[in-house]
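Order-wise, the sequence lines are chains A and B.
All residue numbers for the first sequence refer to my numbering, where the first residue is 1 and numbers rise by one.
All residue numbers for the second sequence refer to my numbering, where the first residue is 1 and numbers rise by one.
No incorrect hints appear here.
Since the list gives no way to pick one copy over another, a pair counts as held whenever it fits inside one copy or between any two copies.
List time: in silico BS3-like cross-link candidates among lysine-lysine, alpha-carbon distance up to 30 Å:
#, residue 1, residue 2
1, Lys68, Lys665
2, Lys51, Lys665
3, Lys107, Lys68
4, Lys672, Lys59
5, Lys672, Lys137
6, Lys59, Lys665
7, Lys87, Lys68
8, Lys87, Lys237
9, Lys237, Lys67
10, Lys87, Lys665
11, Lys665, Lys107
12, Lys328, Lys452
13, Lys328, Lys511
14, Lys672, Lys237
15, Lys462, Lys452
16, Lys299, Lys48
17, Lys137, Lys665
18, Lys665, Lys237
19, Lys67, Lys107
20, Lys672, Lys135
21, Lys299, Lys368
22, Lys237, Lys68
23, Lys107, Lys672
Worth flagging that the hints you see were computed from the coordinates, not collected in a lab.
This one's a predicted model, so the numbers in the text were calculated from it and none came from an experiment.
Number of protein chains: 2
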Amino acid sequence: MATRLAADFLNDWKNEVNPDLQKERDTCTFNIEEVTHILDGGRDETKKRKKLEQLFFTKYVDLFSFKKRPFLSKSETYEASVAKSVKVFELMREHNWSEADMDLISKILNYDFALSLHHTMFIPGIERLGTDEQKAKWLPLAQSYQIVGTYAQTELGHGTNLLGLETTATYDRDSDEFVLNTPRLSSMKWWPGGLGKSSTHAIILAHLVIDGEKYGMHGFMVQLRSLEDHMPMPGLKMGDIGPKLGANNVDNGFLILNKVRIPRDNMLMRNARVTRGGKFQQLSTSKANYATMVLVRVKIIGWSTDTLRQASCVAVRYSATRRQTTLKPGTPEQQVLDFQTQQFKVTPSVAAAYACSFLAQSMLTLYKRVFAEIVKGNNSNLAELHAQSAGLKAFLTDMATGMVEVCRRSCGGHGYLVSSGVAENMVGSLAMVTVEGENTVLYLQTARYLMKQISQAVSGTKTKGSTAYMNRDMSAYVCPLDHPADCRDPHKLRELYVQRAHRVVIMVARKLQLDMEAGHPQEVVFNNNMVSLVRAAKAHLHLTTIDTFLSRVDYLCETCSAPVARVLTELCTFFVLFGIDQEAGEFLEAETLGLQQMEWVRHEMLNHLAVLRPNLVGLVDAYDMHDETVASTLGQYDGNAYQHLYQSTQYEPMNQTEVHPSYYKHLRGLLKGAPQAKL
Amino acid sequence: MATRLAADFLNDWKNEVNPDLQKERDTCTFNIEEVTHILDGGRDETKKRKKLEQLFFTKYVDLFSFKKRPFLSKSETYEASVAKSVKVFELMREHNWSEADMDLISKILNYDFALSLHHTMFIPGIERLGTDEQKAKWLPLAQSYQIVGTYAQTELGHGTNLLGLETTATYDRDSDEFVLNTPRLSSMKWWPGGLGKSSTHAIILAHLVIDGEKYGMHGFMVQLRSLEDHMPMPGLKMGDIGPKLGANNVDNGFLILNKVRIPRDNMLMRNARVTRGGKFQQLSTSKANYATMVLVRVKIIGWSTDTLRQASCVAVRYSATRRQTTLKPGTPEQQVLDFQTQQFKVTPSVAAAYACSFLAQSMLTLYKRVFAEIVKGNNSNLAELHAQSAGLKAFLTDMATGMVEVCRRSCGGHGYLVSSGVAENMVGSLAMVTVEGENTVLYLQTARYLMKQISQAVSGTKTKGSTAYMNRDMSAYVCPLDHPADCRDPHKLRELYVQRAHRVVIMVARKLQLDMEAGHPQEVVFNNNMVSLVRAAKAHLHLTTIDTFLSRVDYLCETCSAPVARVLTELCTFFVLFGIDQEAGEFLEAETLGLQQMEWVRHEMLNHLAVLRPNLVGLVDAYDMHDETVASTLGQYDGNAYQHLYQSTQYEPMNQTEVHPSYYKHLRGLLKGAPQAKL
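Isolated chain A (complex conformation) (with noise of 0.2 Å):
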């Protein structure tokens, strides 16, 4: 199967690190390690990472190895992803592993999975709105894999809407069924992963009918395939929905659903129910439905981190090694990390891969400790989980995906190249801009969280938690910045954050008021005041992620060794800083510092490129990304970048043979079609 290389250029490489970033490794000033355990959370979590990668990397290396992923055509992809899949499902059986293990698993195997869903969507799903006794039926066939399912919510027609759904369930009294249809195309479901080709169930979402009346949106047990012989079940038609940009591994598909009967039973009924004689009963209206789904936007910013980080990872590691011009005629070419305005493309990175590691962790964190409340009763603090992760993952996701493209053009040409790694990054993480819950409907819903939240500090009643600021008197406001040494201590720029975010919600608030006073109906208000709405939601999110950043370096300042300390301050300090020279007009505008001290935030950050330089390497070897999961030519531990490159272009298909069909087909006709064969 393998062409054969020119094998004299790869004797010329020895199997040793490139001297490069051998040199960065040997003066990094800190223990690289020591960090490696912060962000698993712990020596012991490090531990078993490590015991799991050397599972999946060495013992099943040919099935996980990321090497000829790129040079899979889409169908290959996909039968290679479900045979991870059935891998990871089997040892799951065998090991009896937790959810937890595979959440871990999945970020070790580059969450390559085709049947991922089964697990993320299908049975949180039945746990969620089946009965115990449906629980009792469906989640052992699930979790012993006799089955395997998926969610099916959003429509060809209809994403972010609910109630726009169109897939209604029709009860019929006299077989005691409910008739499933998809009436018209707008109406087929489309996109949910696994539904194409893999998923023998699906809890398809549709509007419950009965006698004519609507009875709100409900979860149906519907059996899609075969267990046979994975045939569809009559009635049903379904397909892939056809390539993307990425995630080509997952079979996304549509369904069409022609008047199916499922027994009344498969009605998941754990908020309401249906009875023999077609009876309705709300039976709660639980808040656990909710907690799902921000369980799964934690988890997206999770996701968007640790491709933040891959992406990091190879964007530093290649700069270290890639040597290009000089800036003095007549030396060698420099390492390209040595270049300003390269350190200012890939420090913004390595910065925000270490904001957004520590905001998933204090989200879940958060996630928990509410979940909890809500299980005894309490919901006084959904509202404010709820806005804060919806507003997070929009924020997170967006920042992450800016930077891991960023990254990616910092690898030059090259990473336009699959092998890359860092462009199978980029468009992985586009991916989270739109999934559950599309970016800006998120900001939106932040907004009007925060709308309420200034209304009532406004009003005299204190706010707590992420909007706690509210309560400030804003006129108070000092710039904190009196000497351009000021500009090193994050705390001091911390407040001009808070004053910003205070300013903007404020004069949105303003806004509507006013515009509402002028007579304008409140959904044309709404709608003319979009934009700032959205402004004002990231500028309350950039406090949030700036605010967890460096409580979480102020904790590990008094536990961690002196030049971890020192690193992870810089690299805080950089991030604040960068973000008000990103965001300078707003800055400026909400009069959180003047001219003087932006010429002074500016200088001081890119004094900070030059602080970070020397710890960058450092800083993403402390990922511990095993080279499975970094999977990229570009970026491999031992940077030897250029016999990746060419030894991943044994795989390419087209260089299976020397001459391409085409040529017989098409070029041969041209070339000796030529009117004058002079030659």
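Starting from the known structure of chain A, fit chain B onto it as the hints suggest.
Frame of chain A; chain B shown alone:
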């Protein structure tokens, strides 16, 4: 081949224009065709284009249709593109089309040519580098397609820095030949289009070596493949470098030259020659070489513009037909184009598409004028042309790429499907930011030019052309915005751009000077100010972009109908406002306006979203792109996005069987291997 679709759903849809889209067209305030003629460069140009569209998309529609393309493997994609190239080349031979016709055809066919470098690089390379005798020998062969060629410069380890290239052409006096060699892994040619599988010949850039001395980079004609059977010639190893984010229709390749001998005459000797016996003679330091590089960059601005047109066309049409959510409970779902946040996504892209269109035209005109001067020996405008084309290539491809991605996201989840077209637009436009000069490197070239110009202006010598503003007395600036209504005057707003560019350039120049005076070496000073230099270049290039748009609209206002003049003025004004909104920090820091005025600008910018809303569909219809050129399921003229999406799935290879092979190989074992068969 095609799978069966659920026919009744497609019967739902009449072959009529989506009524929402029709309504937009009915209420458009201007004559769309009039704008089409403006964009095409005249009524005759429109006619000519339509005639070619008719030929390709009627007579040869099977070959040139976009519909199946998203579903092809990489090798099939390449093969389809070779077939297209061959057909176009045959038609070129038959119709005696000119290179200008070829440019137009390329545009119509979405630049989908595996063999495009034959026309864009190989033939121009012979013309530019060859002596008259060499041209007489090679051009007829190339023009009649007896040979097909490419141009091979970049290497695995070397891109931007020509001097870093490692390939050598060593003169062998005994045989009167050159010996071409790529001595190590990093020196293999890597990236040239058409190199992997297609080309029979290549112009290879290599260091000329005679008696161990280097004599600079020169072009050498090398035969790559046999004209009999297309097998690689002895001593050569070639292949495809693997899948890329986009452009997989082209076989970007690698090439190893293992001491390959070519006749001395195969060195292209227009500018320098080597005599029999090995004497080197520099004949000219022609600027023509330079000029070709400039032309390619000017063309890239055009390519990027075409992609932005496609993406904005799709985004606007789809936003007009997609209905989702409602702001007023109980009312039907709204066209998403009615949401302010959606307008904020798509309107800038339409404005930018027009700005880029006009700039692409004006740069081509400038290029032709300056090149005509050069031919007459007048090089006085070359430095300006070079700096502007380098910088504008960077600025406009960055802008276009960013906007294309915003357009893609504005299509929600469906924009992630390859069949959406916008996904392909996005990855296609990403190639533009690194090809023919990585953008950061290009910004720095412009910045160096600006530093020279400002130092000239400061020392009292008048600057001309794009830098004429440097002669102004910057301190005499007064913000021209006295009332909110002043923000509707693009000429007043332009003054802010002038002042901003002037100030940013001067501030960087001063900083460089101070750092030099402090005794730092020049290369250190330059490196420590790189980020600021890029900012200065962008400020200058933004001004050029605004100026070109503005002067074109001013001219049109004299000649076109009042409604067209009005909408183009609104569009241009919006573009100018949007730029200030996006770079608010810079405009404030350069003290071009105060906080009050900034508020007016932001308000007027949002106001213009509403002003332009009714004409957005008309403005993208005016591009008058053929449906096959738009190449999108979401953005066809009829607006039946859901029908086209669903229809496209019939071409998905995974839909050709109901059960995927991976079921038998992997999934069945899992499902049947469950420990308890309870079901």
